[in-house]
Each structure stands twice: as structure tokens, then as C-alpha cells.
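A.B. asks: Single-letter residue listing:
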Amino acid sequence: MPKISSGNFFEDFNLGDRIIHPLPRTVTDGDVSLYIALTGSRYALHASDTFAQAVGYERRPLDDLFLFHMVFGKSVNEISLNAIANLGYAEVHFRQPCYVGDTVRTESEIIGLKENSNGKSGNVYVHSQGYNQREELILTLKRWVMVRKKDSSIRSGIKEIPVLQKALPADLPINLPVISKIEPSLSGSNLFWEDYSVGERLNHPDGITIDNSDHTLAAKLYQNNAKIHFNAHMMQKSPMRERLIYGGHIISLCRSISFNGLGNAMWLYGINAGTHANPTFAGDTIYCYSIIKELIAPKRDDVGLMKVQTIGLKNMTPEEIETPFDEHSKYHANVVLDLDYTLIVPKKQDNK
Amino acid sequence: MPKISSGNFFEDFNLGDRIIHPLPRTVTDGDVSLYIALTGSRYALHASDTFAQAVGYERRPLDDLFLFHMVFGKSVNEISLNAIANLGYAEVHFRQPCYVGDTVRTESEIIGLKENSNGKSGNVYVHSQGYNQREELILTLKRWVMVRKKDSSIRSGIKEIPVLQKALPADLPINLPVISKIEPSLSGSNLFWEDYSVGERLNHPDGITIDNSDHTLAAKLYQNNAKIHFNAHMMQKSPMRERLIYGGHIISLCRSISFNGLGNAMWLYGINAGTHANPTFAGDTIYCYSIIKELIAPKRDDVGLMKVQTIGLKNMTPEEIETPFDEHSKYHANVVLDLDYTLIVPKKQDNK
Amino acid sequence: MPKISSGNFFEDFNLGDRIIHPLPRTVTDGDVSLYIALTGSRYALHASDTFAQAVGYERRPLDDLFLFHMVFGKSVNEISLNAIANLGYAEVHFRQPCYVGDTVRTESEIIGLKENSNGKSGNVYVHSQGYNQREELILTLKRWVMVRKKDSSIRSGIKEIPVLQKALPADLPINLPVISKIEPSLSGSNLFWEDYSVGERLNHPDGITIDNSDHTLAAKLYQNNAKIHFNAHMMQKSPMRERLIYGGHIISLCRSISFNGLGNAMWLYGINAGTHANPTFAGDTIYCYSIIKELIAPKRDDVGLMKVQTIGLKNMTPEEIETPFDEHSKYHANVVLDLDYTLIVPKKQDNK
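Protein chains in written order, with this note's numbering: chain A, 454 to 805; chain B, 454 to 805; chain C, 454 to 805.
If you are wondering where the hints come from, they were derived from the structure by calculation, not from laboratory data.
Computed from a predicted structure; not experimentally measured.
Among the hints, erroneous ones may be present.
Copies of the same chain look alike in the list, so a pair counts if it works inside one copy or between any two.
[Claimed, not checked] Here are the computed lysine-lysine pairs in the DSBU-like style, where the Cα-Cα straight-line distance is at most 35 Å:
id, residue 1, residue 2
1, Lys746, Lys603
2, Lys603, Lys634
3, Lys573, Lys800
4, Lys680, Lys783
5, Lys800, Lys690
6, Lys783, Lys690
7, Lys801, Lys612
8, Lys567, Lys619
9, Lys752, Lys573
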């Protein structure tokens with residue numbers, strides 16, 4: 454029995470395999486502060502007990518994206534340690550608020566396998582589920598990654614591609630308390646669900662430059678141990694030449710940047726699709742813009758759903774780009790994220 | 454209604470305007486640890502429950518400067534997002550100890566406006582007040598910033614400059630518990646109020662080098678979203694060419710550095726005046742020296758007041774400079790901070 | 454009386470001196486999160502209440518190495534502020550688990566003094582002891598450092614070298630609760646005490662690159678104020694030319710890296726000897742390998758002891774080096790750590 458794990462290769466996965474990822478993690482106030490410091494998040498819901506109580510919570514819930522990184526991070530060692538690329542996300546659904554003191558763990562199921570024609574790699578489709586210490590489902594996500602093969606000479610020809618929904622259904626349960634009237638002087642935004650229109654574009658003005666210590670601190674905090682983020686010595690010999698920034702960190706930075714324009718959209722309902730269109734490295738400055746894709750008539754009186762596409766850019770302001778694609782219909786070299794997600798946005802409430 | 458806020462310009466302010474800054478923030482143990490890691494603070498009062506209890510507290514109070522950064526940080530989005538320069542501070546008064554679990558928020562009043570003769574900018578004078586969740590005033594500060602105008606062709610000629618006190622009055626309330634005898638073997642200093650003399654100069658020997666990740670983590674922790682600190686892509690086109698370090702971070706570093714010489718001066722009574730004489734950038738090493746300006750006879754038996762001037766330097770030791778000014782009576786190019794503040798210093802207590 | 458402390462020089466120490474180090478420090482959840490973010494530690498015992506409870510604890514104990522850094526860090530100001538080199542460790546014994554909320558302080562005794570023949574420095578041997586707020590001993594360590602003399606012309610000729618044990622005795626008390634069966638699907642490792650063999654070598658595959666912000670944040674968190682770690686301006690004029698990374702940070706990184714191979718060895722019994730063979734600087738990538746030196750038959754049914762040598766490397770993988778020594782029996786230039794320590798490893802337990 455080898456004592457050193459070298460992670461799973463494409464041949465190690467079988468359709469239907471269930472994996473219990475180790476290393477449950479209790480979330481603390483230290484994580485909350487670090488998440489704010491690492492991402493620049495300014496949503497008061499996650500940072501202020503008084504605000505959370507005014508909205509309808511007993512205390513601050515954790516940021517949905519922080520939970521995403523924790524649940525995702527736990528799956529890396531068994532799923533994507535030998536990944537060549539993270540190809541995409543789908544059906545990411547935020548199910549349950551979590552709080553400081555909760556313990557998060559992850560399980561995964563292999564839902565698809567496709568050997569690539571070059572014989573050197575294959576795509577692994579995985580359905581990961583995050584649980585809290587009461588075994589309540591807090592978050593589900595599907596993703597697919599290109600994983601190295603151990604032996605390129607042996608072909609299995611497997612091609613089991615799962616059907617992935619293009620968008621989450623709009624009628625999934627929304628486990629929020631009844632949301633009270635939001636006070637713009639506290640939330641930092643006076644925009645509510647009724648204020649947005651399909652097709653409108655928000656050019657978020659802020660830019661955040663990433664340095665090596667902050668993105669590596671973030672990935673280590675999430676216990677995401679993918680080597681490409683940490684090992685400059687190894688990466689020098691790769692085509693990228695340097696450490697690659699964890700794509701989830703880019704999602705978090707775009708979320709912080711989009712606070713100016715989406716400041717009352719405090720909750721993620723889900724992520725419908727996500728692509729890291731180009732890599733990011735230390736020194737890059739991240740910008741983003743958002744397009745409102747759909748407003749979904751709410752069943753609840755207090756909140757509505759809003760489908761949004763956020764395009765993350767490096768070293769280019771939103772004003773400098775019209776569409777994320779170049780003349781060959783490929784992503785523009787400065788586009789680093791194409792995220793299709795659904796936000797929960799509070800509705801206007803009259804004074805009662 | 455524009456959905457993107459581009460911050461306030463000089464024309465947006467009116468004398469007497471009151472602004473409730475959004476984003477109340479609950480302070481946690483994560484903030485305390487990060488503040489220590491980011492600044493190198495070594496005051497046991499803020500880091501040790503046993504020490505705080507021996508001094509007279511129920512538990513560790515927060516560092517006064519951490520609260521300053523939080524209260525200040527909350528005011529940036531509405532006051533100084535379009536600032537060209539932070540010109541000064543006055544009448545910063547620390548009113549009330551805060552503890553982990555408290556929620557901090559800020560309100561401001563516009564107390565002065567002066568259009569600059571070039572028509573391109575004006576100075577905004579603001580009085581900001583920090584409150585805890587019980588609406589108790591924890592901290593007040595006045596500052597003035599040079600803010601861009603939207604339209605340089607329209608002149609208002611406004612010139613309403615408030616009278617700012619050169620120093621806080623010495624008889625403001627001091628909301629500390631009765632301070633017990635300080636044990637030098639625990640506090641790290643055997644110097645008490647009686648040990649200092651007016652005019653004496655302390656050349657603090659330590660130097661701390663700043664890197665980009667640590668100063669940006671600090672500013673993000675305080676939710677200070679001034680663009681000049683974060684956006685290297687934008688700053689490349691500015692005369693500075695790179696990200697400017699948040700001036701408050703320099704104040705905190707000088708406070709940590711001055712522990713060697715002022716280690717028992719655990720509390721700030723207030724800041725009388727402060728100037729960021731030159732900018733600091735990643736890679737700069739901060740040093741400082743302090744001059745005792747005034748010893749104020751205490752009303753209390755346990756503590757006295759001590760007015761101190763601390764000069765922050767970059768890439769130059771205190772031994773290498775005699776006064777902060779050059780031969781043209783301008784700040785020496787290596788002077789980065791001129792801080793006039795009043796410390797609360799414990800008096801000698803005999804064994805009882 | 455000088456108000457500025459310039460630290461102790463060789464002449465300031467006397468055999469038998471007892472030093473109470475100041476600055477007791479309450480450990481918080483913020484420290485736990487920062488330790489994970491700074492080191493990449495993945496031991497679930499320190500990060501998960503549910504895991505700790507399944508193992509036999511009431512809640513997460515602190516990482517032994519975090520406590521080592523805290524106890525060590527408190528001793529720097531009085532012992533090694535003027536150190537030229539940290540020469541070694543011995544008899545480091547972890548005595549007692551600590552928890553969030555505990556307050557740590559350090560005392561030291563001078564147990565040896567040896568003037569060096571060049572007259573410029575001497576070696577100081579110190580026995581440091583860490584206590585919690587109940588005055589329980591949590592950690593003892595011996596170390597020796599080369600400290601500058603004030604005056605090289607005056608010779609004392611002192612040569613009192615203490616006898617240091619080459620290894621901790623195997624029968625020291627082990628203050629752990631009775632350890633329940635470890636679940637590999639939670640701990641991340643299926644290797645138990647019985648699975649290791651003397652002489653076997655584990656080439657841990659991970660590498661972690663260090664940047665300036667992360668190692669300086671770590672040292673500041675531990676309130677270790679040794680100037681060589683922080684002051685680039687001073688270090689430019691030294692032979693090293695740049696800031697030297699705190700050796701304890703390298704130990705922590707090697708511990709994180711060796712998780713892959715030693716994942717169930719959650720506890721340190723002690724450190725028998727340790728040498729920082731070469732300096733490390735920002736930009737270096739740390740790797741390591743481990744050799745099992747001794748398996749010590751446990752008195753307890755639940756855990757055994759395992760003596761391990763871990764060799765830390767910079768910018769070189771374990772596969773590229775056979776022994777830590779070069780042809781002149783000196784440490785290879787890429788070896789940065791030679792650590793001889795004893796781990797507590799759970800034994801196999803049948804299902805009951």
C-alpha cells in the first residue's frame with residue numbers, strides 16, 4: 454500500500470462512485486474576518502449582527518460564496534488534484550444558511566466520464582454535496598474537470614455525459630427567513646427587485662489587484678490543495694510559468710466588485726453555469742460588468758429572483774469591452790470569468 | 454436613477470448635510486487576530502484576557518486604532534471615494550471602549566466646504582461619529598479631504614472653513630475602568646507617566662517593511678474601499694504609478710513600532726492633528742520617532758495624559774533625521790507621518 | 454534609565470537567570486483560521502469540532518505547532534532580539550492540549566552560556582516554558598542562539614554548556630483523552646502506527662511557495678519581533694540582502710506538506726532536535742521528505758510514538774536528493790530544515 458497519495462487519475466473514477474471527502478471544517482469568526490479581508494466583501498448581512506437581525510435573522514449568516522469555496526475545496530484532493538483544467542460549473546444550488554460554529558463537509562458522486570480523443574486525459578463530471586453537522590444539505594454543485602490519465606495507451610472509450618440543466622429551476626425552495634424591509638442607509642443600496650430591467654448592463658467601476666499572498670491565503674483557508682495555486686517552483690516549468698489563481702477567488706472578487714450596483718442582492722440562489730475563460734496571475738487587476746438576464750416573478754412577497762451574467766475582466770475596464778467574445782467567437786483574452794447565476798433580491802416594501 | 458454610484462463630488466456636498474454611512478460591522482475575534490498579524494501590535498491589553506482583567510477590565514477591549522480604521526473606513530464611500538488627498542485629521546476623540554461582538558457604524562456631518570482656486574477641486578471638512586449597537590458614541594473624528602469637482606467651469610466660490618481645535622481639551626471624560634497597578638513583567642514596559650519628560654525624544658529602533666498583500670488586506674478588512682489602495686491597473690496611469698498605502702495603516706505601524714518606548718501607553722485619548730506628509734508604497738520600510746510634547750496633570754489617580762508627536766519615516770532610521778522638515782521648511786521626502794496625539798499613560802502605583 | 458530597549462546582549466545573561474516574558478496572549482478562533490490560511494494545515498483535529506468530538510475531545514484543540522510559535526515568539530524580545538543565528542532546539546515537549554480562549558505566557562531560564570573564541574558573540578542556552586491561564590505547563594523547549602556581545606574586548610571566557618538529551622525519553626506523560634477509532638474518510642489518511650516501518654522514507658509530493666506578506670503575517674501573529682523577519686531596509690545591508698523567513702514557519706509548512714503520508718499523526722509528542730540548515734527567503738518553494746527513525750511500543754492501547762526525521766528543502770523536490778548532506782558532510786545548499794521529532798500516531802482499532 455503506497456503511503457503517499459498522488460490523487461486520482463481518470464482511470465480511477467467509475468460512474469456512480471460515491472466519495473466521502475475527508476476533513477470536516479468548523480467555520481469560525483476567523484473565517485468571516487479573513488473572507489472580508491481577502492475579498493473586500495461589503496455585504497452587511499454577513500458582517501453585522503444588527504443588520505442581520507433587522508433583516509430577519511437571529512445573527513449573521515455566512516456568505517454563500519464562502520460556503521461554496523469550503524464545499525468545493527474539500528473535493529479537490531479526491532477529484533481534481535490531477536486536473537488539467539476546471540471546465541465548468543452547473544446546477545450550483547444554495548440550500549440552507551450556515552452560521553459560525555457550523556461544521557461543513559462534502560460528499561461527491563461521479564455522474565459522467567468522457568475519455569478525450571488524445572488518450573491523455575478525460576473529463577470527469579461530479580456532483581458534490583455539502584452538509585452541515587446535522588447532516589442537512591447546505592449546498593449542491595456539479596462541475597466537470599479535465600483529469601490526466603495514468604496510461605495514454607489504454608483506451609476505454611467511455612463517453613457518459615450527464616444531462617446538465619442550463620439553469621436551475623425557478624421553483625426550488627428558498628430557505629430564508631421572511632425578509633423585512635431593507636434600509637438603504639444600512640445596506641448601502643437603494644435598488645430592489647423592481648428596479649432592475651432585463652437586458653440592462655451594469656459596469657461596476659471598482660478594480661481589485663491580486664497579489665500572491667492574498668490568493669494563496671484564500672485557497673489555503675478553504676483547504677483547497679490544488680498544486681497549481683501554491684507551487685511556483687513546479688509552475689515555472691509549466692506553460693503558464695507561474696502560480697495560477699484559484700478561479701473561485703475570481704468569483705468572490707467579482708461579487709465584491711459588483712456590490713456597487715447589486716448591493717441589496719445579498720443571497721445567491723444558485724450558479725447556473727460558470728467558465729474561467731482565461732487564467733489570472735498575481736498582479737492582475739480584476740474588473741467586471743453584469744447583465745440582467747431574467748427577472749423571475751417571485752412566489753414570495755419579500756424577495757424575487759434575478760438571473761445575472763457577470764463577466765470578469767483582467768486589466769481592462771468594463772467600458773473598454775462590448776461583448777466577452779472576439780471576432781472568432783472565442784473569449785476575449787482579457788475575459789477571465791463568465792458567470793451565469795441567480796441572485797435573490799429583496800422586493801420593495803412600503804412602510805407599514 | 455443611475456444604478457452605479459460613482460461617489461460624491463465636491464458639488465454634491467452641502468454645509469450641514471448629515472450622512473448615515475451604511476454597512477454596520479460586528480467586530481470579532483477574527484478582526485483582533487488579523488489586526489495583530491497585519492500591524493504587529495503587541496499591547497497585551499488588546500490581546501490577553503488575563504492581562505485585561507488584571508488591569509481592571511472584564512475582558513480584552515479592542516485596540517483604539519482598529520476602531521478608528523473601522524469608523525473611518527465606513528465613511529470613505531460617501532466622503533472620500535473621489536478624494537485627491539486626505540489633508541488632515543483633528544479632534545479625534547476616543548470615547549468608549551468596545552469589545553468583540555459590538556457592532557460599529559458611522560454617521561457624518563459636513564462642517565466645512567472650500568472651493569479651490571483652480572476650480573477643479575474643493576476641500577470637504579467632515580465630522581464623523583462612530584456608534585456601537587447601543588447607539589453609544591464610541592469615537593468622533595474630524596478630517597478634511599480634497600475632493601474632485603464634477604464641473605470645473607462652474608464656480609460656487611464657497612469658503613466655509615470650520616474652526617478646528619489645535620488640540621483636544623484636556624478635561625474630556627475618560628471612560629476607562631479604574632486601572633490597577635501595571636505589572637511590567639506582563640505589560641512589557643516599566644515606564645509610567647511620571648517617567649517621561651517634556652521635550653524628550655524616543656528613537657524607536659524597529660522597522661517594518663510593507664508588502665502589497667498586507668496593506669490591501671488591512672484596508673479590505675476595514676471595508677475602506679478607496680480605489681487608490683487596490684487598483685494597480687488604474688494607478689499605473691496616475692503620477693504615483695502604483696497603489697498608495699492607506700495612511701491609517703502607517704499610523705498603526707508607527708503605533709506598533711513605538712511600543713518600544715511607549716509600551717504602557719495602552720490607550721489613545723485622542724488625535725489632535727495628523728498629516729500624511731508623503732505617500733508610502735509596497736516595499737517601503739516604516740520607522741518612527743516620538744517627542745513628548747506635554748504632560749497633563751491627571752484628575753485621576755491612576756492615569757495621566759501625555760501629548761506626543763510621532764514622526765513616521767520611510768527607508769530612513771530615526772537616527773538619520775533631526776527634524777521632519779527640510780531646509781525649505783517642507784516635510785523631508787522620507788517623512789510619511791506627522792501625528793500629534795494624546796496618550797493615556799498609567800501612573801506609578803505603590804504596592805498596596 | 455534608557456526608555457528604549459535594545460534587547461539583551463551576551464553579557465546581559467547570567468547562568469540561572471529567570472525571565473518572565475511579558476505579553477500574555479489569549480488564543481482565539483481568529484488565530485486558528487489564520488494558522489490554517491498561513492500554513493495550509495489540513496489536520497481535521499484542529500479545524501473541526503465534530504471530528505475532535507469523534508476522536509474523544511470536547512472540542513477542537515489548538516495545533517501543537519501554533520502553540521510552539523506562540524511560546525517561542527514571546528521569548529524572542531528578551532532572548533534573541535540580538536541573535537545572529539538560531540542554532541538549535543532540543544527537548545521540546547508538548548505537555549497539555551490548549552483551546553480557544555486559553556491565555557498563553559512564557560518564562561525562561563538561562564541554562565548555559567559559552568563565549569565564542571572570536572570575542573564578538575556567545576551562545577545562550579535557554580529553557581523556555583509555556584503556561585496557560587491556570588499556570589499549567591503546556592509546553593517546554595530548550596534552544597540555543599548565538600547572541601552578539603556589547604564589547605568584544607572584554608572576555609569572560611565563560612563556557613557552561615548544558616547537557617541536552619538527544620531525544621525525549623519515551624515515557625513522558627501523554628495528556629490526550631482516550632483516542633477513539635479514527636475514521637479515514639474523515640481524517641484523510643488510512644495509515645496507523647502499525648503501518649509504518651523503521652527506515653522507510655516518505656517523499657511528500659506537495660510544494661508551497663512563500664511570499665513576503667504571508668511569512669511576515671505569521672511572525673507578527675505570533676508576536677515574534679525578531680528584526681530580521683520584518684525589516685527589508687536593514688537587511689539590504691546584511692550579507693543576506695533580504696528578509697529572512699522565521700524558521701518556525703518552515704517547520705509549519707513542512708508539517709502541512711507531510712500531511713500526505715502522515716495525516717493521522719495529529720499530535721507532536723516533542724521535538725528532539727532541529728536545525729535550520731540554510732536560510733529561506735520570499736519566493737522559495739518548500740518541499741520535504743520524512744524518514745521513520747523509530748517506532749516506540751506504546752504503553753497505551755490507543756496511540757503509539759513514532760520518531761521521524763523530516764528534511765525540509767527549498768526549490769528541490771524530495772526525488773532530487775538522497776541525503777541532506779553534500780560530499781563534504783555539510784548540509785546541501787537546498788536543505789533548509791533537519792527536524793528530529795516524535796509524533797503520536799493512533800493505533801489500529803477494530804470495529805467494536
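A.B. asks: Next step is simple, just say for each hint if it's right about the structure.
C.D. replies: So, going through the hints one by one against the coordinates:
| no. | hint | verdict |
| --- | --- | --- |
| 1 | Lys746 to Lys603 | between (42 Å within a copy, 33 Å between copies) |
| 2 | Lys603 to Lys634 | between (56 Å within a copy, 34 Å between copies) |
| 3 | Lys573 to Lys800 | neither (51 Å within a copy, 40 Å between copies) |
| 4 | Lys680 to Lys783 | both (28 Å within a copy, 31 Å between copies) |
| 5 | Lys800 to Lys690 | neither (52 Å within a copy, 41 Å between copies) |
| 6 | Lys783 to Lys690 | both (27 Å within a copy, 29 Å between copies) |
| 7 | Lys801 to Lys612 | neither (49 Å within a copy, 41 Å between copies) |
| 8 | Lys567 to Lys619 | within (19 Å within a copy, 56 Å between copies) |
| 9 | Lys752 to Lys573 | neither (48 Å within a copy, 50 Å between copies) |
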